[in-house]
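S.K.: Residue numbers (my numbering), protein chains in the order written: chain A, 1 to 646; chain B, 1 to 646.
Careful, some of the hints might be misleading.
Put simply, identical chains are the same to the list, so a pair is met inside one copy or across any two.
The calculated lysine-lysine pairs, modelled on DSS-like cross-linking and capped at a C-alpha distance of 27 angstroms, are [to be verified]: (1) K262 to K279; (2) K278 to K180; (3) K44 to K636; (4) K164 to K148.
Calculated directly from the structure, the hints in this document are not laboratory data.
As the structure is a computational prediction, the values presented were derived from the model and not from experiment.
There are 2 protein chains.
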Amino acid sequence: MQLGLSVSDSDVSSFTPLVVLELADDTKAEAITWLLNRIRDKQKNGGAELLVDQLLFPAQDGQKSNPNVFVVGSTLQRLLKGAEDVGLFKEFQDGIMRGFTYANRESFKDFYGDGEGFLSDAECQYIIKHELDTLRAKNEEHVPGYPKVKLYPGKSVVRRLQSKGVLVQYFPLHNKEDLKRLSFSWYKKIKLSFQPLDDIRHYFGEGLALYFGFLEYFTFALVPMALIGIPYYLFDWEDYDKYVLFAVFNLVWSTVFLEVWKRCSATFAYGWGTLSRKKAFEEPRAGFHGALGFNPITGREEPVYPSSKRQLRIYLVSVPFVLLCLYLSFYVMMVYFDMENWAISVYNENPNFGTGILLFVPSIIYAVVIEIMNLLYRYAAEFLTNWENHRLESSFQNHLVLKVLVFNFVNCFASLFYIAFVMQDMVLLRQSLATLLITSQILNQVMEAFLPYWLQRRRNKKVHKRMRRVMGDKELPLLEQVQLETEMNTYLGTFDDYLEQFLLFGYVSLFSCVYPLAAVLVVLNNITEVYSDAFKMCHVFKRPFSEPAANIGVWQLAFETMSIIAVVTNCALIGLSSQVKAYFPESETQMILIVVAIEHVLLAFKFILAFVIPDVPKDIQVKLAKLEFDSLEALKKRKILEAAET
Amino acid sequence: MQLGLSVSDSDVSSFTPLVVLELADDTKAEAITWLLNRIRDKQKNGGAELLVDQLLFPAQDGQKSNPNVFVVGSTLQRLLKGAEDVGLFKEFQDGIMRGFTYANRESFKDFYGDGEGFLSDAECQYIIKHELDTLRAKNEEHVPGYPKVKLYPGKSVVRRLQSKGVLVQYFPLHNKEDLKRLSFSWYKKIKLSFQPLDDIRHYFGEGLALYFGFLEYFTFALVPMALIGIPYYLFDWEDYDKYVLFAVFNLVWSTVFLEVWKRCSATFAYGWGTLSRKKAFEEPRAGFHGALGFNPITGREEPVYPSSKRQLRIYLVSVPFVLLCLYLSFYVMMVYFDMENWAISVYNENPNFGTGILLFVPSIIYAVVIEIMNLLYRYAAEFLTNWENHRLESSFQNHLVLKVLVFNFVNCFASLFYIAFVMQDMVLLRQSLATLLITSQILNQVMEAFLPYWLQRRRNKKVHKRMRRVMGDKELPLLEQVQLETEMNTYLGTFDDYLEQFLLFGYVSLFSCVYPLAAVLVVLNNITEVYSDAFKMCHVFKRPFSEPAANIGVWQLAFETMSIIAVVTNCALIGLSSQVKAYFPESETQMILIVVAIEHVLLAFKFILAFVIPDVPKDIQVKLAKLEFDSLEALKKRKILEAAET
């Protein structure tokens, strides 16, 4: 973390820059002065007590750089106090994770000297973000120089500047040395080892580390399915018993591994201090607007938007829109089947190699169209959810996830359901499943990593060239780094990554008894996915602020729902298979009843399993209980002492 | 609460007696002295700082009374401090429930003067119980006078005395005046109003008030089903559509009302201060034994029993035993069917009034046998669960509930399932359901209220007579009251009451489309149940200690599981009905598929409904959030003040 900061050519600032603030280049000087003063001001005066400096880029031929770029840093003491503010949990001397307090800092493990190196980079940046976000207006009625950018006591200054476009962005800086080390241990060396999750968490924070942990776990969990699936494919096993066995194994296995994941994630989250950490009080989103009123919880002045109005928007606009999109998706699906039929008829008329390839074309086109529709819908859903004007980011996210999940599920799997249960054509189902899965995997890898990487490389070269031209050969690492990172794309969170895994899980589990090879394909995909995701985090996107996460949240529910649907579809598929029908030649009714009974038993078994397996491992339960017990005892002791004093 | 305490004839003690302690009548004097000293000792010396006095009963001809009966009371100040210890929540001036603290006592609503009347009787008694339970051994190696009753530092003295039989019982005293007032407003006046839940909670505590709240809610929730069910019975509607409609209504309605109950119970629990109250650290059960070791959470010395041993006992003894009992229950069921067949054959040979009545005899006998088996099994389950040696009362309760629920469910409903799905005889099903339901209702009312009442009355008269003979006409209310209540039966908690409602819910919901009158019968039963339960609480049993409960716990899950099973059974019944079969004359397969599809839709709908309806009403969510926000703000302010000081 020893980057020399060159504010101008000669002047070297005394602090390590951690976060970059970029204001619009036409920001009024008085607003800048006011903001910097507020950031530098003492906490007792309502300031953030942080260090901040302007970065002056040398004039470049023709292109003027934005002069209003600032770097924010902090003293170590301030960071440690901030760690207490945000409620960080750290390992205590006795091996238990406890809420960090500045007063007891010396009793925490790994705290040496003045505490250098006690907080990770990601934590420092998170603390600075928190302090900036909770920098509140005092008696200012508006931002100086901007009579229209209204403020009221208690309003987050940064949120307001952001929503009015004065603050363009703020983001944490990469740390080149750490990054080099991380990327080496993560994806550069060819090895057969787990990902360095602790290092990832150190550098990117808990939310992302948990995603990579899940990705790895999920991939390993698919390996048994893949291994069992291979002989089915190789030897063309079409036995009834074997398929049923495979399906039952898959269903039970998917329940078990989802339950066990909860325990893993609890173990991770405990070690990272996020499991027992309390959620901070949530500020309204930057984009939330409404008439000024009073928040019933804080009693502060705040925009208020009637929830009835929001409900109206949801039920009268969003829901119909989603339904319309679903209809559209069905329509596209029917077009695909027409194309499919046409291709088959062409092939039947004139079967040769060319028309043989033509057979696959409709599926491929359809897979591409699905991806495009998903992408377009994603933007629409974001726009709509934004327009619904949710007060909290969490509620915004929930509504967005729900909208996107429903559509993606239908869009990706509708054709498969149609083929399986309306057309009842298992050969076509297998073929479609394979084409969809493979095409979407290829598209995803391209869209997600290679394309942004290529764009980023071009941009890098341009900036390099520009800087070289201006500064000659003098090294200007910080200025160059800031300029490069300012122009990098912003990583929009783990949403798309989880969504991709969710859909892959659907391909594997929904029709597992028809296409046992799906698991193999997904495992192969995920092995490259780890590398491309790691690469994109390190080199394609701006460094994201760390997000303290104790679990994968709504995605756990989504995966579990998928595994329940999978029980239904797999049982139905088994019931439809001709081999099973052959077992009950005289009575189809009896066969259906047996299949339904098996389905119910499997579902009941899933619920009982989920109920029986504890979500938190025993040793962590004990540690959590100890923490709670200690705090109760401390309270009791304090009371007895107080009583003795009086 | 102004009962004069007469310790001997003339000597009147200064405090209000709240709790009675009964030691074995051969307890050694030194143990008694030691115990009383520990109870009276100051808190800072590790005592309970309570008031305690011996009750001396006058010698009675021939029969010697137990001399070791003590009454415990407390000063008001001690009780208020105890309220803080147990973490009582009380309404603050601003209308929000907050954790009571002695320092801020004046800021709580309804706190006047020295706080007389601020705590309810039940709360005072709960506080005294808590203080007695947490009276811990210091350096004593054993109870004085009993070298075999070992102690170790931190062991609860009362628990040890109880497990060794030195302490026979301790229970809270009734308050005659309050009881009179409560019973008048509760069940003595004939009225069309709700139960006085707040008064019940005041007198008996939250756990019981919640049970009566649930009983009332459940009964009201059944009224719509009952009303819709009556015409089905009266007009003998056998239409397919109507039955399906009734079943669907029932299923959706039962989901809705169970979900809404959560909201109601949250509202109750919030108002009573138990919703946000933290669970106290749980002591080991009185009966728990094991080798002395260290508790990993508290670090204290404590008996330790390896959980692997417990698992062995559960899986090698308890589970086989339960299975054996289930087998026995099936066997009894088959005997019942033999009897049934025999009765029918007798009736067919010679159909007259006598043999007509004979038709009902097997069902009635079977119903009685079921009740007896349930009762016997209950004792066995309690014995077994005790033998499994669970460390915590909560874990003991969970294992007991699970054992009892499974057996009761099978025992009560197995014959109905058999008739419905194996014999497929809807007429017999209806008849059996009616007989079982009515017989079990009558038996329950007799066993639960009338029998204990009758025994209690006999005992009361005896004590009255005895006391009169000894004391002449002098009034001795407290002595007499204590002697009476000492001999009353102990109320064993709400377990049996909830279990009864659970089984009734089963009778109503499992086969609702066959016997729509079941809801009517249950409503009628529950109306008398309210009265008989109220009566038994007030006059048949010892007053129980209040139990702070925030919800009905495991019973919510049990009822929800029942309503899920009900979806499956009702759909299956509809599929079996001849009317439905007539709708699909050519294809039974299609009919089954449609029924299965409907079932899945209903199940999915249930889950979505449960997910969509928030468990806590909005206004209470806001109040809870405000509480949390305030405590966060207070913490922040304290920190800033501390920082300013240094």
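S.K.: Take the hints in turn and mark each one as holding or not.
M.R.: Each hint tested on the structure:
1. K262 to K279: both (19 angstroms within a copy, 24 angstroms between copies)
2. K278 to K180: neither (33 angstroms within a copy, 47 angstroms between copies)
3. K44 to K636: between (31 angstroms within a copy, 11 angstroms between copies)
4. K164 to K148: Cα proximity of K164 and K148: one copy only (9 angstroms, versus 78 angstroms across).
In summary, the structure is inconsistent with hint 2 from the numbered list given earlier, while agreeing with all the others.
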